[in-house]
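4 protein chains.
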Amino acid sequence: MEIEIATIGGYEEVGRNMTAVRVDDDIVVFDMGLNLSQVLIHDDVRTEQMHSLDLIDMGAIPDDRVMSELEGDVKAIVPTHGHLDHIGAIGKLAHRYDAPVVGSPFTIELVRQEIDDESKFDVDNDLVKMEAGETMEIGDEVDMEFVHVTHSIVGAVSPVLHTPEGAIVYGLDKRIDHNPVLEDPFDMERFEELGDEGVLCYIEDCTNAGRKGRTPSESLAREHLRDTLTSFEDYTGGIVATTFSSHVERVYSLVEFAKEIGRKPILLGRSMEKYTNTARDLGYPIPDDLEIYGHRRSRERAFKRIMNEGKGNFLPVVTGHQGEPRAMLTRMARDETPFQFDEGDKVVFSARVIPEPTNEGQRYAAEKLLKMQGARIYDEVHVSGHLREEGHYQMLEAVRPDNIIPAHQSLSGVAPYVDLAESQGYTTGEDLHISRNGNVVQLTE
Amino acid sequence: MEIEIATIGGYEEVGRNMTAVRVDDDIVVFDMGLNLSQVLIHDDVRTEQMHSLDLIDMGAIPDDRVMSELEGDVKAIVPTHGHLDHIGAIGKLAHRYDAPVVGSPFTIELVRQEIDDESKFDVDNDLVKMEAGETMEIGDEVDMEFVHVTHSIVGAVSPVLHTPEGAIVYGLDKRIDHNPVLEDPFDMERFEELGDEGVLCYIEDCTNAGRKGRTPSESLAREHLRDTLTSFEDYTGGIVATTFSSHVERVYSLVEFAKEIGRKPILLGRSMEKYTNTARDLGYPIPDDLEIYGHRRSRERAFKRIMNEGKGNFLPVVTGHQGEPRAMLTRMARDETPFQFDEGDKVVFSARVIPEPTNEGQRYAAEKLLKMQGARIYDEVHVSGHLREEGHYQMLEAVRPDNIIPAHQSLSGVAPYVDLAESQGYTTGEDLHISRNGNVVQLTE
Amino acid sequence: MEIEIATIGGYEEVGRNMTAVRVDDDIVVFDMGLNLSQVLIHDDVRTEQMHSLDLIDMGAIPDDRVMSELEGDVKAIVPTHGHLDHIGAIGKLAHRYDAPVVGSPFTIELVRQEIDDESKFDVDNDLVKMEAGETMEIGDEVDMEFVHVTHSIVGAVSPVLHTPEGAIVYGLDKRIDHNPVLEDPFDMERFEELGDEGVLCYIEDCTNAGRKGRTPSESLAREHLRDTLTSFEDYTGGIVATTFSSHVERVYSLVEFAKEIGRKPILLGRSMEKYTNTARDLGYPIPDDLEIYGHRRSRERAFKRIMNEGKGNFLPVVTGHQGEPRAMLTRMARDETPFQFDEGDKVVFSARVIPEPTNEGQRYAAEKLLKMQGARIYDEVHVSGHLREEGHYQMLEAVRPDNIIPAHQSLSGVAPYVDLAESQGYTTGEDLHISRNGNVVQLTE
Amino acid sequence: MEIEIATIGGYEEVGRNMTAVRVDDDIVVFDMGLNLSQVLIHDDVRTEQMHSLDLIDMGAIPDDRVMSELEGDVKAIVPTHGHLDHIGAIGKLAHRYDAPVVGSPFTIELVRQEIDDESKFDVDNDLVKMEAGETMEIGDEVDMEFVHVTHSIVGAVSPVLHTPEGAIVYGLDKRIDHNPVLEDPFDMERFEELGDEGVLCYIEDCTNAGRKGRTPSESLAREHLRDTLTSFEDYTGGIVATTFSSHVERVYSLVEFAKEIGRKPILLGRSMEKYTNTARDLGYPIPDDLEIYGHRRSRERAFKRIMNEGKGNFLPVVTGHQGEPRAMLTRMARDETPFQFDEGDKVVFSARVIPEPTNEGQRYAAEKLLKMQGARIYDEVHVSGHLREEGHYQMLEAVRPDNIIPAHQSLSGVAPYVDLAESQGYTTGEDLHISRNGNVVQLTE
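Top line first, the protein sequences correspond to chains X, U, L and R.
Using UniProt numbering, read the first sequence as starting at 1 and increasing by one per residue.
Using UniProt numbering, read the second sequence as starting at 1 and increasing by one per residue.
Using UniProt numbering, read the third sequence as starting at 1 and increasing by one per residue.
Using UniProt numbering, read the fourth sequence as starting at 1 and increasing by one per residue.
Simulated from the structure, these hints should not be mistaken for laboratory data.
A virtual CB, placed ideally from N, CA and C, is assigned to each residue, including glycine.
Each hint should be verified, as a subset may be incorrect.
[What the hints assert, rightly or not] Cross-link-like lysine-lysine pairs, in silico, DSSO-like; alpha carbons within 30 Å at most: (1) X:Lys264 / X:Lys274; (2) X:Lys212 / R:Lys212; (3) U:Lys212 / X:Lys212; (4) X:Lys368 / L:Lys368; (5) X:Lys212 / U:Lys259; (6) U:Lys120 / X:Lys212; (7) U:Lys259 / U:Lys274; (8) X:Lys264 / U:Lys212; (9) R:Lys212 / L:Lys371.
[Stated by the list, open to error] Here are some chain L residues pointing at chain U (derived, C-beta under 7 Å): (10) Ser412; (11) Ala415; (12) Val418; (13) Thr428; (14) Ile434; (15) Arg436.
[Stated by the list, open to error] Quick list of simulated restraints, FRET-style, between CB atoms: (16) X:His295 / L:Met372: 29 to 37 Å; (17) R:Glu336 / L:Met372: 36 to 44 Å; (18) X:Glu260 / L:Met372: 42 to 50 Å.
Given the sequences, and given the hints that come with them, work out the whole structure.
Structure, rendered in structure tokens:
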């Protein structure tokens, strides 16, 4: 039985993830992501209207031309969760494959919207929802299971291919969270069972592999948020919060704590609307009466109402945690909305600046403008969604794979993971595969 | 009425805090602290046997010779809490003043031990305990009140001198914690009342003034610790934790969570014994059956028992969070104790490295040695005990003092606080006094 | 005799320098500068057309309203050199004073151009040139001398007011350079004489006071540049250099070394044209046949010629060393000029990124775009123009002033200078004056 | 013809370099180095008396057990230069091989001393000197040539094995210096010729691969040193300099500039004596009358003479640039020598702190102690001896190897080099080999 793994994208950078696994004639593709920073470095690029090859040349989407080297048929395209670096290229690449897109319900809804926004290509792949814990037949000898994992977006899974030679675990983007806010705890038990059953290959997310210790639970970010917001309990002026709009659990906590301190939460911004409505539609406990305004005019109206009825009655939750020039908070900072800051108003960033000079510059400018208007800044009320060094150690202890392929980073980002794996007995070039975009790793012949 | 404030120590550095307030003929001294790093830079210095003047020359204790310029009598020496940079010079300096040492019960017990350890001077000042919320007469026209504050040690207070010209609030070393672990919440209400009544002068702790946002509650460190330790629930090998031995709430949390994961906590190290026993004696809820071993032989015995009965049954809580060469954890790392690390054993640092190259070098070495023995490191499970920028903002909003004297930092550490105070309308040189060691600030004449 | 010093601008930030010295009835104003970053944080601000008060509110120019508190007549406005943070507010503020602008010839030419560009105000102050080493009568009892100093622009001086009470030395913006490229060495001898004669007050530039050691000579930057450019001697493709266009010595070195490696230097960009032509007009040894193109069309033509005749024959020296969005190099990086990079082409930044997140973000983007086009980056071929810690130590040893006023920084930037001065025996609040914008320091009464 | 390369040490760390090349039956070993930091982390380890296996276990010397997998005979052991991370394990490992040690004359002299100091093993390998530019027969079909390179020690070479399949270039530890101080310029011409003739494999030093730009020439460090020391020309007190004692060119510059400012240079410290005497014996232009004192008693005497005859007449050049606890400068800082610092005395560090927390802590302590005695610190008067990114680019352009093996770094240190090589068309896993300690790379079969 031939098993090989094509490491197509995300093996030399963070972003544009894509990996294909071939088991004899059956191929499964995991993730088709977008590297947004390669797009934003250029002025005025609109990806919706661009051709795949131009985006490949820009380094924005995976270069899937290596797929032609794999002899077999793509049976499924499987995004692990709904972040853009995992689904953002589906609109550009999925139509080339005669295969359904299979994901968790939340992920699939986001894929559907991604496809709807695409204006260059017609994408008519089937969209198939599968819950964590469920299994699907891929070919004669291969089944695919979704294992529930915890991440900074709901509905994240680790897909597992069960082959006669052992399981192949595609483990990108997770933290071990025993106490998440809305979802079930991380399914460590299942990973341990997989380890007992035998794992042929484990593909791991190295995003935070170089950070010491363990990533705390979302419940810690929640407590931090509660501690921060309740410390404003006696404040009667304006409070504004911003976070990742896709981070449904965080948005949920913000909504809850707004109420706890006697304020009406209002979500503002197109992407706030998109993710939160999707979550509500799928049954996540977003209150029915939560006000969300995505469109320009409705946002303006909401801001005016906030100003009229008194800022002290509201907690606007807005986009702009990275200081993105066109996001809501940045516009508020530039005084381009009806919202007026008063001296002493609070702005809570429930996010970390992504450590890259462009972001840091934009975020610095946004904060400076906010401060010029009198706002007080509360930063980094946040925990990451990616495993750190000790989480990786624990996963290796549980999964005990025959082979490891580190992913989701440049080589220097992968390096600390390699150090860890080697210290656990793996050997680079033998059972630990440092791969690059466009490579094919042969597992069995 | 003449009121002046002598800023004796801690106005050019972190450490050796000492401030004197004269109200006509009555003088109160706040804190007499030690700057330990000025001692440790020299090899083989034993402070217990050193003379005050030598320690002053080293920059280790406050240069109290400026006291001769103040015309009046010292009526009380008032340490705000039991950290060494606030009480560590009492053994060297207090005997020069015919005045009692007044502090909270926990602080006074630590002062008593400090004095017992002193071998150069006879210190026979009265030791007087006063609880937060209580008031004491200082002179005809001056009363001293203790306001309860929250810090990284129990029993911390902000002493307030009530004078006919307004209150003088000595506010060093606190964070605004609405939800501490063992103590009452920070008494913000009383600070607001003081603001309403009129504060003539506010002396503030600038330790973290340059850090954005607000210092979280101890409950956040507690949750982080719980999240970390419970993630080891299934681990059957060794787990070791280290923290500030004076941080009674943190030690208490460690003891609790040890039990929560089915392990017997054992405290090891002289200073662990000192602070924890003191807390227990004073009624803090340290379990009666908690095992604590300070002396060499008993520690050895405890380690042997741990090794014999199985590391999986214990959680040793030890000194050494900064990698101090002679602390327990460093000795364990150097394999100088009976404790043997196995591959995969966990070491939790519930502390932050104090950011100074000597500490960083020592801590790095300790971690490297621990890793060489197979230990896994969990770092910075911690929150600071000092206000950050937004806490300072909030205190200014509450206290609204006529005058401010920033303290507890070098000038560059004071600088961000000055920026904040100026942005709130204070003027350097008028009502905002950037002072230096040995200065006297005239408030009223 | 009354002597007082108003510290008007640049005492809480880098930029918008302005200081006034009153000696009885005679006032001299030193510098009227612009804080460009306060302007650039806003989109689409055109300072030429703005009113002074708006610029004051933005923190962009000095708030000179404190001048009304000084009882006397302004006799001269004296910019020390031609950088914008020293002359950039002359167009906005000088017309309010009935006094000539006095500066070195190079500085005065730049002031003239600054005034010509001003479209809001009519500025008709006399412009008076005075060479270093010369002296001018200011009032009955006051003379002003210019002492030659070395900085990152030619024509820099330290103005000295000779009063009956001693000299007042305004020492902003210099390094001690014993071996500059075009100018005479730093006139340390004169500063030592001044020290011998008696200096009442010394106002010092703290820009780099927190950096250890001593600022090297411009000759070191020159050697570094030579070493870099000659290492390209065999390269036949494109080489581009960028530096501060006001840094005439650096531009001169670039021009020389271009020839040394067989290339024709061409200067491109408006500000390149402005500063270099001014220097040539004043007799600095800029070659007569040096090609300089400031205007859009002529730049385009030059680029086309470079492409046609072969990049290997030219060394374009362009603006854009900070990645400024509209500068030449950034446009080249964005492929908005006829210049085409080939794989392997060299870009030399003879400058340091000013350490502020906005600059760092812009510079990062510029470099990333250059690299995407195949360019190789040579960074930080540069030395600073400001004294570091040991230069300050040396100046204090020479000048031995009775009073010191640190300038040209925020308080945290001033802090290391204060530490130094205190270690040399000065006392804050007595003879060492930590001042703030808008303060008046009384020296004699 | 079989060619394979065993990457034995230095492929996972900086230090303990060792690489073996097998061409059919002939094996050449390049470097046998020591990783000193693995030794120093332990207290009181004396390597001279330790057994190889213990040192291997500590990670201090290369684990050469992989040599048994290579079928052939070791024909030569070839250290590239005399730094400890290249020759420091010869005393422990060379005796296992029946082969001469071949190096440049300076290197061989240092190897001889290394062997003399070894007390555990008898090392009686022949020591053979070969000059750069010369060639030696290794086997029937293999010749070894030494190409002259420039580094931070004299006598550095890049050995090249000429095989029928092309050249194998072992390129560790060099910078491209067109203008060194004592030696000939870097032999770029020869590398270009090798590139033209065909290079089968290039093994490259990645120490500084992650630093932008190009490493300047030693002449830049020399100019910096001259600029620094001549700025002290009028100072009549003490001046002390420290640098790498093995850096003969730097020591030579110090000696020269001491005289230029009218001071007698005196070298102090055992390793100063060792390297400088070796250089003098081999004809490097170290003045015959230069005073060098290595032994305790003679150093004491020299210090006393300096104090008696006046510090202003001397420039002591001492060991201790990293703040090593037992080095001369650290002892001087701790007042353990007869040398007394006065306020204002100068200490020049012609070195950079090796960026590792232990060094940084020690260096910080040394500087703090020096400052407590009144010394003024001049730091980083230095340039590195290792290629940066653009030097690597240039080497690749010249050598154009068929295969590349990056060395002399951990994986994260190697990563930027891999990025560079990939951007130049190499493919990891094909012609770009990311190897690890103990691996064998098969080049031809």
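Hints, one by one, checked against the model:
no.	hint	verdict
1	X:Lys264 / X:Lys274	20 Å, holds
2	X:Lys212 / R:Lys212	27 Å, holds
3	U:Lys212 / X:Lys212	23 Å, holds
4	X:Lys368 / L:Lys368	25 Å, holds
5	X:Lys212 / U:Lys259	26 Å, holds
6	U:Lys120 / X:Lys212	45 Å, violated
7	U:Lys259 / U:Lys274	22 Å, holds
8	X:Lys264 / U:Lys212	27 Å, holds
9	R:Lys212 / L:Lys371	12 Å, holds
10	Ser412	4 Å, holds
11	Ala415	4 Å, holds
12	Val418	5 Å, holds
13	Thr428	5 Å, holds
14	Ile434	6 Å, holds
15	Arg436	5 Å, holds
16	X:His295 / L:Met372: 29 to 37 Å	36 Å, holds
17	R:Glu336 / L:Met372: 36 to 44 Å	56 Å, violated
18	X:Glu260 / L:Met372: 42 to 50 Å	49 Å, holds
Taken one by one, the earlier hints fail for this structure at numbers 6, 17, listed in ascending order.
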